[in-house]
Amino acid sequence: MSQATKRPPGRGLSSRSDDVFRTVIIGLSLVIALIFILSIYQLATVSWPTLSTFGLDFYTGRTWDPVNDVYGAFSMIIGTLVTSLIALAISVPLAIASALFIAEYSPKWLAGPVGYLIELLAAVPSVVYGLWALVVIAPKLAEWQLTYFTDPAKLETYSACQELWLQGTSSFQCFFVPSAADGRGLALATLILTVMILPYTASVARDVINLVPRDQREAMYALGATKWEVISKAVLPYARAGIMGGVLLALGRALGETLAVAMVIGDSQAPLTSLWQNFSTMASVIANQFGDAQQELHRSSVLALGLTLFFMSVIVNVLARIVIKRLTPEGIK
Amino acid sequence: MSAVRQDVVALRRSAPAISPARRLTNALMGGLISLGTLLVVAPLILIFYYLLTTGLQALSPEFFTQTPAPLGETGGGLKNAIIGSITMLSMASVIGILVGVAGGIFLSEYPKHPLMPTIRMLSDVLAGIPAIVMGLVVYGLLVLRFGFSGMAGAIALGFLMIPIVVRTTEETLKLVPRATREAGLALGLPRWKVILQIVLPAAAGGIVTGIMLALARVAGEAAPLLFTAFGNNTVTTNLTEPMSALPVEIFKLATSAYETDRQLAQAASLVLILLILITSLLARYFSSPRKYRAK
Numbered sequence: 001m002s003q004a005t006k007r008p009p010g011r012g013l014s015s016r017s018d019d020v021f022r023t024v025i026i027g028l029s030l031v032i033a034l035i036f037i038l039s040i041y042q043l044a045t046v047s048w049p050t051l052s053t054f055g056l057d058f059y060t061g062r063t064w065d066p067v068n069d070v071y072g073a074f075s076m077i078i079g080t081l082v083t084s085l086i087a088l089a090i091s092v093p094l095a096i097a098s099a100l101f102i103a104e105y106s107p108k109w110l111a112g113p114v115g116y117l118i119e120l121l122a123a124v125p126s127v128v129y130g131l132w133a134l135v136v137i138a139p140k141l142a143e144w145q146l147t148y149f150t151d152p153a154k155l156e157t158y159s160a161c162q163e164l165w166l167q168g169t170s171s172f173q174c175f176f177v178p179s180a181a182d183g184r185g186l187a188l189a190t191l192i193l194t195v196m197i198l199p200y201t202a203s204v205a206r207d208v209i210n211l212v213p214r215d216q217r218e219a220m221y222a223l224g225a226t227k228w229e230v231i232s233k234a235v236l237p238y239a240r241a242g243i244m245g246g247v248l249l250a251l252g253r254a255l256g257e258t259l260a261v262a263m264v265i266g267d268s269q270a271p272l273t274s275l276w277q278n279f280s281t282m283a284s285v286i287a288n289q290f291g292d293a294q295q296e297l298h299r300s301s302v303l304a305l306g307l308t309l310f311f312m313s314v315i316v317n318v319l320a321r322i323v324i325k326r327l328t329p330e331g332i333k
Numbered sequence: 001m002s003a004v005r006q007d008v009v010a011l012r013r014s015a016p017a018i019s020p021a022r023r024l025t026n027a028l029m030g031g032l033i034s035l036g037t038l039l040v041v042a043p044l045i046l047i048f049y050y051l052l053t054t055g056l057q058a059l060s061p062e063f064f065t066q067t068p069a070p071l072g073e074t075g076g077g078l079k080n081a082i083i084g085s086i087t088m089l090s091m092a093s094v095i096g097i098l099v100g101v102a103g104g105i106f107l108s109e110y111p112k113h114p115l116m117p118t119i120r121m122l123s124d125v126l127a128g129i130p131a132i133v134m135g136l137v138v139y140g141l142l143v144l145r146f147g148f149s150g151m152a153g154a155i156a157l158g159f160l161m162i163p164i165v166v167r168t169t170e171e172t173l174k175l176v177p178r179a180t181r182e183a184g185l186a187l188g189l190p191r192w193k194v195i196l197q198i199v200l201p202a203a204a205g206g207i208v209t210g211i212m213l214a215l216a217r218v219a220g221e222a223a224p225l226l227f228t229a230f231g232n233n234t235v236t237t238n239l240t241e242p243m244s245a246l247p248v249e250i251f252k253l254a255t256s257a258y259e260t261d262r263q264l265a266q267a268a269s270l271v272l273i274l275l276i277l278i279t280s281l282l283a284r285y286f287s288s289p290r291k292y293r294a295k
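Protein sequences appear in the order of chains P and Z.
First residue of the first sequence: 1, per full-length UniProt numbering; consecutive thereafter.
First residue of the second sequence: 1, per full-length UniProt numbering; consecutive thereafter.
Bear in mind the hints are in silico, worked out from the structure with no lab data behind them.
Warning: the hint list may mix true and false statements.
Stated by the list, open to error - When the alpha-carbon atoms are kept at most 30 Å apart in a straight line, the in silico BS3-like pairs for lysine-lysine are as follows: (1) Z:Lys193 / Z:Lys174; (2) P:Lys140 / Z:Lys252; (3) P:Lys325 / Z:Lys174; (4) P:Lys325 / Z:Lys112.
No experiment lies behind these values; they were computed from the predicted model shown.
Same shape as in the complex, but just chain P (with noise of 0.2 Å):
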């Protein structure tokens, strides 16, 4: 055996230790998965007596009663989908057009505070916007809702659409028309969603387009174009991929988003007649309802609620770095 080929002396000991260490790392590093796996058998143990007894049932079923211990959640899934979709459609323009400003228009000295502002946004705690949207914008609301009791042409509108509404169903028209004049209800929670999210598509779209290469701005300009022009044809459609990510990113955010929801919503699980009525989503039960829960089935069903949120927002999250990974390599479509 030739010298070269021995182990210089120490290494035995060096690699033991590195084998310690990275034994501790992937020990600590298995806690990720560890919290992964336990979540979900936690919440599918205990949700279990009620997908055991409902079954399918407990996603159609539109009573949620625990008087008489029959729960169907259809009702808050489209609360989380309603409150959601609205507060994206409204969020998505005004995040994308921060994005532009801050990337395309403002002056270099405008583009960091205002960044940094709306990043603030994100780091709003959610108790303080329900307590802002309580405070201060449900009275404002409640003010113009009442119009619709003291105006006696607003109040034959109110009572027309009553008569709907005592059904169980509306008309376009009736839809938004407000049922009572207390400025709580869908509309305000979907309202303050629309702000809470506004951070997450809007820092992700600006990443982007500051990714966007200038020669692509500057093929756009040398052509004749003016400057929106090449917003919309140039830079846009390349920070296509990349902005989609942020509004999924921003749709995960919102569907789990709780306690703001739940402080304005009302907690109703009356069917859904009227954008201004009481309403209720998947988290804002968990919130309202899980302390006062006493019977086990109610438990359960409010933990299968937690269930389908957990699985609605891994595959939220898992199409949106799917999505925001397509886009990396080169940065195109």
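Starting from the known structure of chain P, fit chain Z onto it as the hints suggest.
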């Protein structure tokens, strides 16, 4: 007039003028984009205005030194919630930093390990799990067996911190040049010493930023604490007892019918948001690029 200048003038004349319609669209969209940005920033300014005008009035020394007054009575403070928040956040940081930094080291320093892609995926997925669902999970894991406790709350918050710390740790570690590691290994240092004594110190600023951001994020969370730490009207630092936290108190007080409760909620919101603001400013300070510090 030089020949080149004449050419440019001629070229300008021959180029088709931008039509009024295109000019108008351009101006209109520019206006809309600025207006949109204003709309995005407006809520933040309104919220700060609201908290500063109402919260400052309600803020008094008692806020920091007393526990909540009995139902319906005026006065009282939120010492219990402040102490509770600090206790649980400290404990949560231990969990978040330990697992988060280890996870970040694993993802960045052992990229060829077969478990790497799974851990990265699960960490990303955990980042998207709603906080309230994490509260339910910890409820099932701990509260059902041991009852409400500050420890359960801290663990829920810690779990929420982990993916944020993992992500920032991994990203900063990857910024440390390969050559730095190779230099260490070439000197005959074992890998663990290279990681702990060369790579980690070089990336310390970014890792601290990640930890601060994670703290700022979970400090405002009430949802995972409702069914774990539950709340407590007395001051305690005992992690086996139920414990209160600022966001939990804000949630309870905001929905109360009493005006004094609402004032307390506004003061608590102001304090909470200032704490979060300071934390995130510190995070920005640590993330500002600096040179290696020699040991």
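Practice task
Please name the hints from earlier in the document that this structure breaks, with their numbers sorted from lowest to highest.
Solution key: none
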